[in-house]
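Trainee: Spelled out from the first residue to the last, the chains are:
Protein chains: 2
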Amino acid sequence: MRVDLGGGFIRTDLPMNDGRTIRYYDAAPIARTALDLRPQEEPAGIGEMRLDPLLNEWIAVAAHRQNRAFLPPKELCPLCPTTGDLLTEIPDSQFNVVVFDNKNPSFDSPKGEWTLPELEGTQTPITQGAGRCEVVVFTDRHEGTFGSLSRENMALVMTAWRDRTREISAIPNIVQVFPFENRGEEVGVTIHHPHGQIYAYPYLTPRTEKMLQVATEHLLRTGRILMDDVVARELRDQVRVVSQNQHWVAYVPFAARYPFEIHVAPRASVADLPELSQDQVDAFPEIAHEVLTRLDRLFDVPMPYMAAWHQAPVKIGREVLRLHWQITPIRRAPGKLKYLAGSESAMGAFIMDMKPEQTAEQLKAVRI
Amino acid sequence: MRVDLGGGFIRTDLPMNDGRTIRYYDAAPIARTALDLRPQEEPAGIGEMRLDPLLNEWIAVAAHRQNRAFLPPKELCPLCPTTGDLLTEIPDSQFNVVVFDNKNPSFDSPKGEWTLPELEGTQTPITQGAGRCEVVVFTDRHEGTFGSLSRENMALVMTAWRDRTREISAIPNIVQVFPFENRGEEVGVTIHHPHGQIYAYPYLTPRTEKMLQVATEHLLRTGRILMDDVVARELRDQVRVVSQNQHWVAYVPFAARYPFEIHVAPRASVADLPELSQDQVDAFPEIAHEVLTRLDRLFDVPMPYMAAWHQAPVKIGREVLRLHWQITPIRRAPGKLKYLAGSESAMGAFIMDMKPEQTAEQLKAVRI
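Protein chains in written order, with this note's numbering: chain A, 1 to 368; chain B, 1 to 368.
It cannot be assumed that every hint is accurate.
Copies of the same chain are indistinguishable here, so a pair counts whether it falls within one copy or spans any two.
[Unchecked claim] No farther apart than 27 Å at their CA atoms in a straight line, the calculated lysine-lysine pairs in the DSS-like style are these: (1) K111 <-> K315; (2) K103 <-> K336; (3) K103 <-> K355; (4) K315 <-> K210; (5) K364 <-> K336.
I should point out that these hints are in silico values taken from the structure, not numbers from a laboratory.
Turn these sequences into a full structure, and let the hints steer you where they fit.
Mentor: And the structure:
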């Protein structure tokens, strides 16, 4: 199936050997017909969701994921294109950006009718991990990173993120769509090929639930969108701004949790990726490239990070929650990682070893 | 100053070179008179607290901590007793358990009057990191771990935890007292000598705030204490129980966040460490020793973990929150750590690779 996404972008959907779907994103019409020649396989089982009654938080239990690919050598990379005898997840021998259903998903389409159980403490029933997990492969080249992609390639990834958010948002039971990237073995990356993931949850995640509550209280108290106030403060103070252009601003947040944490937000108020204007989309690759390059050159060693797209949930909170890209690098100094130890892990109480103004200064001083 | 703690336990307080206090805990009267002979030093500065307005969470900014001791060799260990030319944090040449004020605290006694600012989004003022940070040294022997202490030594550590909780709880502005231990370089431990820490916060930590909210709703809905229901389920199901005795039960929680997470809870309903009965106190070392030994022998390599005492806060929530000891090991398989990646870190949404029943089974199968 071929879908015209506008702006010259095209998506081609093809089936995989176990019933999953792969989606090729291209900036020009390319015939995508390569078949998945691997032996037919049974789809993976669906995991379960259990309630932690002490916190009213859902935990996804995905025991079938324990044996997923773990740091395969380059010649066995499942995210490289299919060439010669190596039959990978991507049947074509060349691609630009692809998105396919995760082979070992934490959340998947439910079998049969599904609704989120009522929360009743220790009486809450176990349920299926209903949702979606997709893999976004940024390029067919095994080496590199999101920050080293060409601007055109980054724009195509952005197209894929927006398309997937739009389409997944329409699936019943989906509450929140979360595109993210883990980069580096230090954050647990098990495959080096440049890629990200999309998790679509059937519940409001704990972080977003809290953000929604706080932003709603702020709106009631002040009449203003909280994120607008945050962006306004950073633009006014300037001292924590790492980079800015006409449509985006990148800053170390006033109360960062990690030494070199950076948020990249639209200057205007935007709920989610599909709501971005074409001008905003076009201005993103440049600032993304700059910020990630600064992080990599800070200690002259690739910076391990998590890059997370916070967007408004699908059905609620769209009037108060706003899009931003949160980059959490976990190196605090050459040879030293920032660990979540007792206070952070058990109590959620963060201790920062550096002032955000000081780390913004260091990031700005990097020669790029 | 010497304080009789009952049960034969004695505490002796002495001043340190920079005005801090060191407290020796002994199970029998021992003259503690050793002076801190290091040159007089200025006390460290107080850090600040900033509000993350998106989550209404306080972040402690302790820039003076960046240069703290980092994996010193054994012969320079600051937690060993003072012998010969090595003048350490502990002036005496022998000790059992000591607790002293942290040299580089994230929270410290405020200078002048102090109250927690009102939360007003981006308008919330920066304030001092008012609170306390203390170091608990478990033994004067450099090698070993909490789990390898003698039962008598563990009982003395428990005496120190209870005494410190009682005394710190009486300090104005303290909302919550949190004794914990980080074990292993994999969780960021910077000094190997067996020790733990106590953080006393001037605000309710995010985790405890959420637990209080959930437990309060549960009480209103059911008339029952939530933690009592949790312990009752584990005792009834048995399948996740790793060990139990007359007064304590150790279990992998029904919705664990980490593969080998273990909670150790009193079977009776107890708010905090000082409220434990003598019988409960006496029964703790045996189960603590067993649980930590199982973790260490699971993969035959010392298990990196965080061990956290959740207790009811000081002024509120004492009618609904209950004591338990949460052990969070971060190794999920030989050579594999459990990482907090995008979903856990950015969204607080945990994915578990193993069923809690399965990990409890593995823990029970360890020969000890």
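Trainee: The structure should be examined with respect to each hint, and the outcome stated for every one.
Mentor: Status of each hint after checking the structure:
1. K111 <-> K315: within (23 Å within a copy, 47 Å between copies)
2. K103 <-> K336: between (34 Å within a copy, 20 Å between copies)
3. K103 <-> K355: Cα proximity of K103 and K355: across copies only (19 Å, versus 42 Å in one copy).
4. K315 <-> K210: Classified as both; 16 Å inside a copy, 23 Å across copies.
5. K364 <-> K336: within (21 Å within a copy, 36 Å between copies)
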